Amino acid sequence: MAEELKLYGTWVSPFSRRVELALKLKGIPYEYIEEDLHNKSPDLIKYNPIHQKVPVLVHNGKPIVESLVILEYIDETWKNNPILPQDPYQRALARFWAKFIEEKILPLAMKVTNSEEKEKEKVVVEMFQLMKVLEGELNGKDFFGGESIGYVDIVATIIAVWFQVTQEVIGVKIVSEEKFPVLFKWIEKLKSIDVVKECIPPRDKHITYVKARIEAALLKSAPN
Amino acid sequence: MAKSDVKVLGAWPSPFVMRARIALNIKSVDYEFLEETLGSKSELLLKSNPIHKKIPVLIHQDKPVCESLIIVHYVDEVWSSGPSILPSDPYDRAVARFWAAYLDEKWFPSMRGMASAQGEEAKKAAVDQFVEGLNLMEDAYVKLSKGKPFFGGDKIGYLDIAFGCFLAWLRVTEKTSGMKLLDEARTPHLAKWAVSFCADPAVKDVMPETEKLAEFAKLLAKFKPAPPK
Numbered sequence: 558m559a560e561e562l563k564l565y566g567t568w569v570s571p572f573s574r575r576v577e578l579a580l581k582l583k584g585i586p587y588e589y590i591e592e593d594l595h596n597k598s599p600d601l602i603k604y605n606p607i608h609q610k611v612p613v614l615v616h617n618g619k620p621i622v623e624s625l626v627i628l629e630y631i632d633e634t635w636k637n638n639p640i641l642p643q644d645p646y647q648r649a650l651a652r653f654w655a656k657f658i659e660e661k662i663l664p665l666a667m668k669v670t671n672s673e674e675k676e677k678e679k680v681v682v683e684m685f686q687l688m689k690v691l692e693g694e695l696n697g698k699d700f701f702g703g704e705s706i707g708y709v710d711i712v713a714t715i716i717a718v719w720f721q722v723t724q725e726v727i728g729v730k731i732v733s734e735e736k737f738p739v740l741f742k743w744i745e746k747l748k749s750i751d752v753v754k755e756c757i758p759p760r761d762k763h764i765t766y767v768k769a770r771i772e773a774a775l776l777k778s779a780p781n
Numbered sequence: 002m003a004k005s006d007v008k009v010l011g012a013w014p015s016p017f018v019m020r021a022r023i024a025l026n027i028k029s030v031d032y033e034f035l036e037e038t039l040g041s042k043s044e045l046l047l048k049s050n051p052i053h054k055k056i057p058v059l060i061h062q063d064k065p066v067c068e069s070l071i072i073v074h075y076v077d078e079v080w081s082s083g084p085s086i087l088p089s090d091p092y093d094r095a096v097a098r099f100w101a102a103y104l105d106e107k108w109f110p111s112m113r114g115m116a117s118a119q120g121e122e123a124k125k126a127a128v129d130q131f132v133e134g135l136n137l138m139e140d141a142y143v144k145l146s147k148g149k150p151f152f153g154g155d156k157i158g159y160l161d162i163a164f165g166c167f168l169a170w171l172r173v174t175e176k177t178s179g180m181k182l183l184d185e186a187r188t189p190h191l192a193k194w195a196v197s198f199c200a201d202p203a204v205k206d207v208m209p210e211t212e213k214l215a216e217f218a219k220l221l222a223k224f225k226p227a228p229p230k
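So the sequences go chain by chain: A and B.
Every number in the working numbering is 557 more than the matching position in the first sequence, counting from 1.
Every number in the working numbering is 1 more than the matching position in the second sequence, counting from 1.
Treat the hints as calculated values from the structure; they're not laboratory data.
Treat the numbers as computed from the prediction; the structure is a model and nothing was measured.
Cβ coordinates follow ideal geometry from the N, Cα and C atoms, glycine included.
Among these hints, one or two may not hold up.
To be verified - Each pair of labels, with its calculated beta carbon distance range:
id	chain 1	residue 1	chain 2	residue 2	range
1	A	P606	B	E121	23 to 33 Å
2	B	K107	A	E560	24 to 34 Å
3	A	I764	B	S81	45 to 55 Å
4	A	N637	B	S81	15 to 25 Å
5	A	K675	B	E121	26 to 36 Å
6	A	P738	B	P51	17 to 27 Å
Based on the sequences and whatever the hints tell you, model everything.
Encoded structure:
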């Protein structure tokens with residue numbers, strides 16, 4: 558049977574771009590469908606009725622949702638250029654760090670963006686603590702995956718790229734070279750990889766998008 | 002393998018700890034169960050899980066593995082000659098992982114929400130989310146079990162463990178709320194599955210008795226500060 562692989566995503570979603578990165582790293586051909594999340598396609602709703610979110614990977618008609626679940630599916634289905642380590646203990650560590658990023662770092666990053674001025678400083682300090690922990694994991698390696706990028710690097714591109722853009726817009730610097738030299742270097746190395754460059758939103762368009770979202774959120778919460 | 006080669010740091014009431022123990026039981030792995038005391042964290046726990054300081058922690062050959070579902074994956078991968086916990090097909094694995102994530106991110110919080118919700122409206126919202134989750138799991142069970150007793154088929158598997166670990170707390174919630182939550186009329190398959198799951202040899206010694214857990218829940222309520230007005 559001819560392989561049919563579709564990815565439903567958006568150009569600016571770090572979660573769908575992660576999946577694209579994994580597919581490109583393995584050289585897997587796929588059809589990309591750009592979703593408009595304000596006007597979700599019937600397909601998206603059909604394939605992901607519970608969350609109605611991107612990304613959705615559809616392989617031979619069968620949908621897989623949730624970016625981390627999709628990454629593991631890709632790694633288990635196409636065994637070339639492995640994303641996760643082979644050793645069970647290393648795999649457990651990789652999954653642990655991915656979860657740490659998703660469940661601790663990302664929600665706090667949203668708080669940094671959305672919090673009031675007086676709370677912001679406290680939240681930023683908390684964020685510094687989390688970044689220190691994450692930086693410790695790099696521990697002399699080029700990438701979280703070792704000599705080449707792996708599962709945790711793919712998951713962490715949100716920090717390397719999306720965080721930088723948001724922080725530039727809101728005028729908060731989390732990962733500076735002075736404070737986090739190791740993380741800073743990792744970001745530079747990651748962003749210089751060709752296949753990673755292909756999975757990053759165009760910078761100007763991204764900045765414009767983030768500005769518009771923040772303004773819209775401010776308007777919503779503005780006192781009457 | 003020496004018994005002390007595998008340790009589980011945990012506590013008997015925790016559904017997450019239960020997941021680790023069920024996984025080890027499925028593989029017939031001997032382990033030392035080190036119980037944490039309520040209200041304090043042991044040196045070993047703080048050393049093994051410095052970031053989250055939470056149970057369960059699996060310690061295998063002095064190396065700690067944290068997060069219950071990560072532990073289940075680890076056990077399945079290390080003791081690969083034992084009965085499989087994750088399904089063998091990648092798509093089935095993805096589906097099982099999806100539902101386990103749903104349970105942890107949406108459904109279990111709604112169960113806790115039922116107890117802690119302030120006001121009628123918030124409580125109702127939590128109950129609605131909880132019941133909706135059960136309906137979704139009923140459909141998932143029908144699809145995934147394909148007529149067999151468990152989500153995993155003939156034997157309990159990843160999703161059975163991920164979901165079944167919450168059954169004792171579900172029963173306690175039924176007791177304290179006076180509501181029938183796992184209802185044979187509404188979710189007949191799940192009601193039947195719950196009985197089979199709890200009777201499974203890998204499960205029955207680590208599933209707390211409802212009475213004992215209800216007593217513990219009362220004790221826990223005393224530890225928790227009252228919510229702000």
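Quick rundown of the hints versus the structure:
1. A/P606 x B/E121: 23 to 33 Å: 29 Å, holds
2. B/K107 x A/E560: 24 to 34 Å: 32 Å, holds
3. A/I764 x B/S81: 45 to 55 Å: Since the Cβ atoms of A/I764 and B/S81 sit about 48 Å apart, the hinted range of 45 to 55 Å holds.
4. A/N637 x B/S81: 15 to 25 Å: 22 Å, holds
5. A/K675 x B/E121: 26 to 36 Å: Since A/K675 and B/E121 have Cβ atoms about 33 Å apart, the given range 26 to 36 Å holds.
6. A/P738 x B/P51: 17 to 27 Å: 23 Å, holds
Every hint from the earlier list agrees with this structure, and none is contradicted.
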